[in-house]
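Let's have the full structure, built from the sequences with the hints guiding it.
Chains as they are written, first to last, in my numbering: chain D, 1 to 180; chain F, 1001 to 1167.
Just so you know, not all the hints are guaranteed correct.
Label pairs and their in silico Cβ distance ranges [to be verified]:
1. D:96 with F:1076: 42 to 50 Å
2. F:1073 with D:51: 22 to 30 Å
3. F:1082 with D:132: 32 to 40 Å
4. D:92 with F:1096: 24 to 32 Å
5. D:30 with F:1073: 47 to 55 Å
6. F:1111 with D:132: 15 to 23 Å
7. D:92 with F:1112: 21 to 29 Å
Hints are computed from structural coordinates only; laboratory data are not their basis.
Cβ coordinates follow ideal geometry from the N, Cα and C atoms, glycine included.
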Amino acid sequence: MTTESIAFTAILVFTAFGAVAAIALRDVLNAIVAFASFSFGISVAWVLLAAPDVALTEAAVGAGITTVFFLVTIAKTVRPGGDRLFERIKWRPAAVVAVLVGTLLATVGSLPAVGAADSPVATSPVTAYYLDNAYTETGVENAVTAVLAAYRGFDTLGEATVVIAAGVAVLLVLRQEAYV
Amino acid sequence: MSRSDSDGTYVESTIIMTTVRVVAPFVFAYGLFVMFHGADSAGGGFQGGVLVAAAVLLLAFAFGIDATRVWLEGPLTRAAITGGGAAFAFIGLGAVALEGAFLEYAAYGYGSTGTKYGIELVELGIGAVVSGVLVGLFFSLASGDFEPVADGADRDTDGDGTGGDGT
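In structure tokens form, the structure reads like this:
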């Protein structure tokens, strides 16, 4: 095994541990911290997979701001009491989760290997077009930004609209009449 | 600067306040950097906007949510959200007005340099939207009235976020 694959395996184990801990821990505060470490693990995995844009998003949104929102929310709610460290497992929901995980795992074998040169993404003429022309056509060095803001800018406008709509919807649901 | 928030969740801590005082400007500057420099390195409006919002949330954690809300009071957040969204849409529609396609930056006639600055402006607009919405979400969550309220009754009309019953 190369150093990189050892590091990747380690971070995947860490991530899986965080995910299981987030489910199993009984105290909500513990679960939130475990969930944040899960998001952090995912973000490091994106870095190792050479996807810094996604890694930055996962770190800022998943590990950062979502954790703060969860903390603010539990400060407003009542935590379940008791001394137990772990939540009791309910078997019927656990069975549903097991079926879902099993189904998803069954598809892993048909995915192309990480970085495979003959994967559909790498051989697609669209990918080649972006990589060849993004700099000369848009003048930006980050091809991801070129795709997001130029080639597929209309999609991005839709995303920004979704964010605005989410803000408005929360104000409506929480019946707040003052923003900030 | 309030010593305790309306629900008593805020506890003043010298360590947290000092740390945030030092760290928050750098988080804010890094957020702006990620927003502005997204065209040439990892990042962009969404990530930068989250970081800018995180700087505001840090201040709220250190100095109290109510105090930060008072500091932010005014049209700034709403202006960021609507202004950012409108800037994005108008940059797109401006290209249409100049007989290009929607968001066809080249229609403005500045070549690839113009395209790059157009993309930067769009990223800034996205950043303003995201940071504004996240800051608003935070204050809504932190002071939201989660009690089911009958229509028209007991609303938070005074806008102090404490709910009509003053708890």
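Each hint tested on the structure:
1. With their beta carbons about 46 Å apart, residue 96 of chain D and residue 1076 of chain F fall inside the hinted range of 42 to 50 Å.
2. In this structure the supplied range 22 to 30 Å is violated for residue 1073 of chain F paired with residue 51 of chain D, their Cβ-Cβ distance being about 39 Å.
3. Distance hint check for residue 1082 of chain F and residue 132 of chain D: the Cβ-Cβ separation is about 38 Å, which falls inside the suggested range of 32 to 40 Å.
4. Residue 92 of chain D and residue 1096 of chain F have their C-beta atoms about 54 Å apart, which leaves the hinted 24 to 32 Å range violated.
5. Restraint check, residue 30 of chain D to residue 1073 of chain F: a C-beta distance of roughly 35 Å breaks the suggested window 47 to 55 Å.
6. Checked against the given bound of 15 to 23 Å, the beta carbons of residue 1111 of chain F and residue 132 of chain D, roughly 18 Å apart, stay inside it.
7. Range check, residue 92 of chain D to residue 1112 of chain F: about 58 Å between beta-carbon atoms, so the 21 to 29 Å window is missed.
When each numbered hint is compared with the structure, violations occur for hints 2, 4, 5, 7.
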